[in-house]
Every structure is written in C-alpha cells, then in structure tokens.
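Q: One letter stands for each residue in the lines below.
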Amino acid sequence: QQQVKQSPQSLIVQKGGISIINCAYENTAFDYFPWYQQFPGKGPALLIAIRPDVSEKKEGRFTISFNKSAKQFSLHIMDSQPGDSATYFCAASKVSGDMRFGAGTRLTVKP
Amino acid sequence: ETGVTQTPRHLVMGMTNKKSLKCEQHLGHNAMYWYKQSAKKPLELMFVYNFKEQTENNSVPSRFSPECPNSSHLFLHLHTLQPEDSALYLCASSQGSGAFGYTFGSGTRLTVV
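Chains as they are written, first to last, in the numbering used here: chain B, 1 to 111; chain W, 1001 to 1113.
Honestly, the hints are just simulated from the structure, not real lab data. If you're wondering where the values come from, they're calculated on a predicted model, not measured in any experiment. Hints are not guaranteed to be accurate.
[What the hints assert, rightly or not] Under the rule of at most 20 Å between Cα atoms (straight-line distance), these lysine to aspartate or glutamate pairs were calculated in the DMTMM-like manner:
hint, chain 1, residue 1, chain 2, residue 2
1, B, LYS42, W, GLU1056
2, B, LYS94, W, GLU1056
3, W, LYS1018, W, GLU1067
4, B, LYS94, B, ASP53
5, W, LYS1052, B, GLU26
6, W, LYS1036, B, ASP98
7, B, LYS5, B, ASP79
8, W, LYS1018, W, GLU1084
9, W, LYS1018, W, GLU1053
10, W, LYS1041, B, GLU26
11, B, LYS42, W, GLU1024
12, B, LYS94, W, GLU1024
13, B, LYS42, B, ASP79
14, B, LYS58, B, ASP84
15, B, LYS57, B, ASP31
16, W, LYS1040, W, GLU1084
17, B, LYS15, B, ASP79
18, B, LYS5, W, GLU1084
19, W, LYS1041, W, GLU1084
20, B, LYS94, B, ASP31
21, B, LYS57, B, ASP79
22, W, LYS1041, B, ASP98
23, W, LYS1019, W, ASP1085
24, B, LYS71, B, ASP53
25, W, LYS1052, W, GLU1067
26, W, LYS1019, W, GLU1084
27, B, LYS68, B, ASP31
[Said to hold, decoys possible] Derived coverage of chain W by chain B (criterion: at least 3 residues anywhere in the stretch with Cβ under 8 Å from a Cβ of chain B; other residues may be distant):
hint, stretch
28, 1010-1017
29, 1032-1043
30, 1064-1072
[Said to hold, decoys possible] Computed far set for chain B versus chain W, every beta-carbon distance over 10 Å:
hint, residue
31, GLN9
32, GLY17
33, PHE66
34, SER96
All C-beta atoms in this analysis are idealised placements derived from N, C-alpha and C, irrespective of residue type, glycine included.
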C-alpha cells in the first residue's frame, strides 16, 4: 500500500557536492510534502516541507523541488557536509492527517 | 530533548515476556502516534490517539496493546511477541491532524529473542 516511492536507497557524496533524493507519489489528494532527517539513535526530525502549489522551497542549503504534473518531488542538499550524513525520509500528507512515508535514503557525505 | 521522551531506549525481551513502552510529550499536542521502523522499509503507522481517544488501529496484531491515559502519555503494552517484531518503535505527537509535521521521540530499540 506504499504510496510514496523514494530513491536512491543509499547515496554517497563528497564533501561540497550536491546530494539529490527523489520521491514520487501516487495519490493526488496529498496536501503537504515534508522531509524528515534522522540521525543514528534519534527519531526523525522535520527538516523542510512544501505545499503542492509551490514549485520550489529553499531553506539554507536545503531545497525542495516539486513537479505536480509528474507527481514527483526531490530534496537537494547543496555544499553537502559530513554532518549531513543521516537517513532522509520524504512524506506526503493530507490535511485530514493521513501521512505516508518513503522508505528512506541513507546519505553518507565523505570528507 | 525533542519534547517527546521515550523509555526505555533499548529493550530485549523473550517471546513469553510482557513489557511496556512509554512515551511522554511536553509540547501540549493533542495527537500521539506509535510507529514501527524496520530497516529499508517505510515507517509503519500502528496507532493514533487524538485527545486520548484511539482514532486509528492500522491492523496491528493484538499482541500490541496501546493505552493513552491522557493527551501527554502513551503506552504500548507488549506480550508474546515474535522475533519479526524486533524493530525501532517510535512515538510521535502533533498539534491538530499532524499534516504539517510530527515531533518524534528517539525511539525504543526492541529485540525479541
């Protein structure tokens, strides 16, 4: 019943590079698309989120790109740092509270 | 701390044991959730409580029994678990429906032997 597909499963990037994680969703009724960041031994933490009426949202080095017609959205991490090494989850939610998560991407940024 | 505290952090239990996981949120949120996190799989929603009333039970086996005595506390009672139940159990809370994001605890790493 997975409605959000996330890729890649794992990603290795050199320090200073751009990390790109992609997600695709099936249900067009979603209202909000958050991204979560999870460090080992911690729970996921909300990182950045976008509404479907916006094509791009940027917060510092983190940018979400949203393509409504293709039902795809992606997270770009510019100037990736070793401290960004974590697992990233995309999600899609409805105002009613139905939240669907992707399977996660384990990002490793090499110094 | 994130505002959502889970105890214990680690738990090893035999298949015939009974144990409980505890979650407490200090954020004044009205909704609380239990999620199961297994490697390489999406987070699996187990239970939802809104103003301490259960609003969702996502076809979870009866060996998992939730309890929500008030909007700040949530328990997950465990009994006769199976090895495949070994996972990270996450508690989360939200204001409103949670559509705009949850606050997660650090989880309880459960190992069933």
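Q: Run the structure past the numbered hints and jot down the numbers of the failing ones, going up.
A: Hints 1, 5, 7, 9, 12, 13, 18, 28, 30, 31 and 34 not satisfied by this model.
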